[in-house]
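I would like the entire structure built from these sequences, with the hints used as guidance.
Residue numbers (my numbering), protein chains in the order written: chain A, 1 to 127; chain B, 1 to 473.
Worth flagging that the hints you see were computed from the coordinates, not collected in a lab. Keep in mind that the hints are not guaranteed to be accurate.
Straight-line distance between alpha carbons at most 30 Å, and here's what the computed BS3-like set of lysine-lysine pairs gives [unchecked claim]: (1) B:LYS317 x B:LYS302; (2) A:LYS73 x B:LYS69; (3) B:LYS69 x A:LYS35; (4) B:LYS29 x A:LYS73.
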Amino acid sequence: MARKTATPQLTQDHTELIVLSVLSEGPSYGYSISKQIAARSEDEFRIGASQLYPLLTKMEKQGLVETDWEEIKSKSADPDAPGRKRKWYRLASKGERRLQQRIEAHKRFTSLINSFIATDPAAGAVA
Amino acid sequence: MSEIKQRTKPAVRTSARDPITQWLDVFTKLLALPPAERERIRDELEDHLRMRVDDLMILGMSEPEAIEKAVTELGETAELAKRFKEARTSTRRRRLMHTTMFAAAGLALTVGAMNLIPSSAPTPGATPSQVAGEKQPENDESMGKDIAPGNLEDIFTTIAESHGVKHFVHWGSLEEAGVFNDSEVGAIPASGLSMGKVAIFLNSHLGLDGADAVTARFEDDILEFGTVRYFDKREIITVDHDVSDLVPAGNVLEYTAEADQLRKGISTVVEPYIWRGEDAIGAIVCNGSQLSVRAPERVQGKIIEYIERLRAIQHQKHGAAERAHDEAIALQRRDQEQLIEQTHKRFVEVSNKIQDLEQDLHRTNFEFYAVKLKLDELERRYHDTADGEERQELGDRLVHAQVDHGTIESKRSRLRHQLDVALNRLLELEHTMNVLQTPTAATTERRLPNRSGTQSRTAVTTVDEQRRANQGR
Chain A
1 MARKTATPQL TQDHTELIVL SVLSEGPSYG YSISKQIAAR SEDEFRIGAS
51 QLYPLLTKME KQGLVETDWE EIKSKSADPD APGRKRKWYR LASKGERRLQ
101 QRIEAHKRFT SLINSFIATD PAAGAVA
Chain B
1 MSEIKQRTKP AVRTSARDPI TQWLDVFTKL LALPPAERER IRDELEDHLR
51 MRVDDLMILG MSEPEAIEKA VTELGETAEL AKRFKEARTS TRRRRLMHTT
101 MFAAAGLALT VGAMNLIPSS APTPGATPSQ VAGEKQPEND ESMGKDIAPG
151 NLEDIFTTIA ESHGVKHFVH WGSLEEAGVF NDSEVGAIPA SGLSMGKVAI
201 FLNSHLGLDG ADAVTARFED DILEFGTVRY FDKREIITVD HDVSDLVPAG
251 NVLEYTAEAD QLRKGISTVV EPYIWRGEDA IGAIVCNGSQ LSVRAPERVQ
301 GKIIEYIERL RAIQHQKHGA AERAHDEAIA LQRRDQEQLI EQTHKRFVEV
351 SNKIQDLEQD LHRTNFEFYA VKLKLDELER RYHDTADGEE RQELGDRLVH
401 AQVDHGTIES KRSRLRHQLD VALNRLLELE HTMNVLQTPT AATTERRLPN
451 RSGTQSRTAV TTVDEQRRAN QGR
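Printed below as a string of structure tokens:
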């Protein structure tokens, strides 16, 4: 029977990296971003709305993302009535730079951790 | 992003006051942000909630279940509002807001308030690049230098300049609190201290606390200083709470005892100064099961927390009361069953006793009639004989027979009495068992043991018949 490993805990930096990474693939909106993260991590990472939306707000204030609004019209609704509004996010150039910084930092961090767990000569390989 | 405009989507169920709209109304009021920004956050969260509800309903949930789950996933309302505010607050604003939080919460809560701000300390294992690569705005929340003694106006100027912003002082509010632009303030060892701690020194020097404490707001790139009371008046909002689970439904505009208790509880526990005195700025109105609270924005979250705490306490009390009720019923059932068992046992004993008494009475009756026959015979012979010696002997035997007759008659009477007593006791026991076995509200589901019921009903018939038979003897 395979032993189940614990789900890694995301730091705020990791969360930011993941969101930026999702947006680097194209514009998206909050609910879609959270579903993409859950799907791509095989449901291991769940970034709740209470965490995601404030983070997106912060990223917008910092100029990492640009936003645009879409009006969602119901087919059956009155065509003159206002529709629901959806906020779309797109990675800004500053966000692309931040993503690269986060990736570099993460690689460096992982490399440092690996330097501790790959030096056992008896094991001969990274555990 | 023009290519993503005007998409269409299947119809979404909305109504003017559906649960999502109600939740968004409360949430929006708790967002201490400019109205336009509030509306944008509301729109985004509404889109999220309605999409989530649609997804959950596709998975098989009913609409009320889906709405409840979607809203629950967002977490505690006041906490979410605070997160949005913190996320929007810029570096400089966040630093300055620490002062606000200090003044509003008071000395004892300052540390707690500071802890609410997202930590910027590097996490264990963070790389040098993570620590040094990007300056975290939250790190810089301390004053860069000490503040020299001076008048209050100078102090405000120093604080504003140290953060590179313009400032404005609402002197009227400070004068009401008893401090003026020329009020002297001692030295504040501000270097390296957080703004919250600097504010502690400032209010301590000025002798201000509570509603009179100095606080600050940062709006439109201007740092405003004033008292807590002043900003509270400026930031009044009204929030409606559904308290139907805490206050029994009453007539609209009618105060129930529970509603009054809730109103008093809030006004006593949550920022008492807001509700009392001639300068009261808050109001609590309970219409039926709707509680309308007019209070500063910063206080509304505390009121929600208070109501939620009451709900938790009531839930606990309700659970404890239910458990006590169940235990009482179980105990009552155990006692009742024991009593029925004991009564039944006694019933059987008395029945057996009656059988013994009946047999004894039957034998005694036989002896009685035998002695009576013998007595009649002796009397007849005594009167018929002419022989003196025989007459003497018959006379002696007659006396003995009369004594025997009397003894047996006494025994018969005693047995009849004992039988009557036993039969009465049996009827009492029968009645007791009928009462004990009658289903009550607490023991409705309980069924009578067939054994006792059948036997006791049979016994009653037998007792009545026996009583009649016994009386006829």
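The hints, checked one at a time:
Restraint check for LYS317 (chain B) and LYS302 (chain B): the C-alpha separation of about 22 Å stays at or below 30 Å, so the hint holds. Of the supplied pair hints, the one linking LYS73 (chain A) and LYS69 (chain B) holds, its CA atoms being roughly 25 Å apart against a limit of 30 Å. Taking the CA atoms of LYS69 (chain B) and LYS35 (chain A), the gap is about 16 Å. The hint holds against a cut of 30 Å. Of the supplied pair hints, the one linking LYS29 (chain B) and LYS73 (chain A) holds, its CA atoms being roughly 26 Å apart against a limit of 30 Å.
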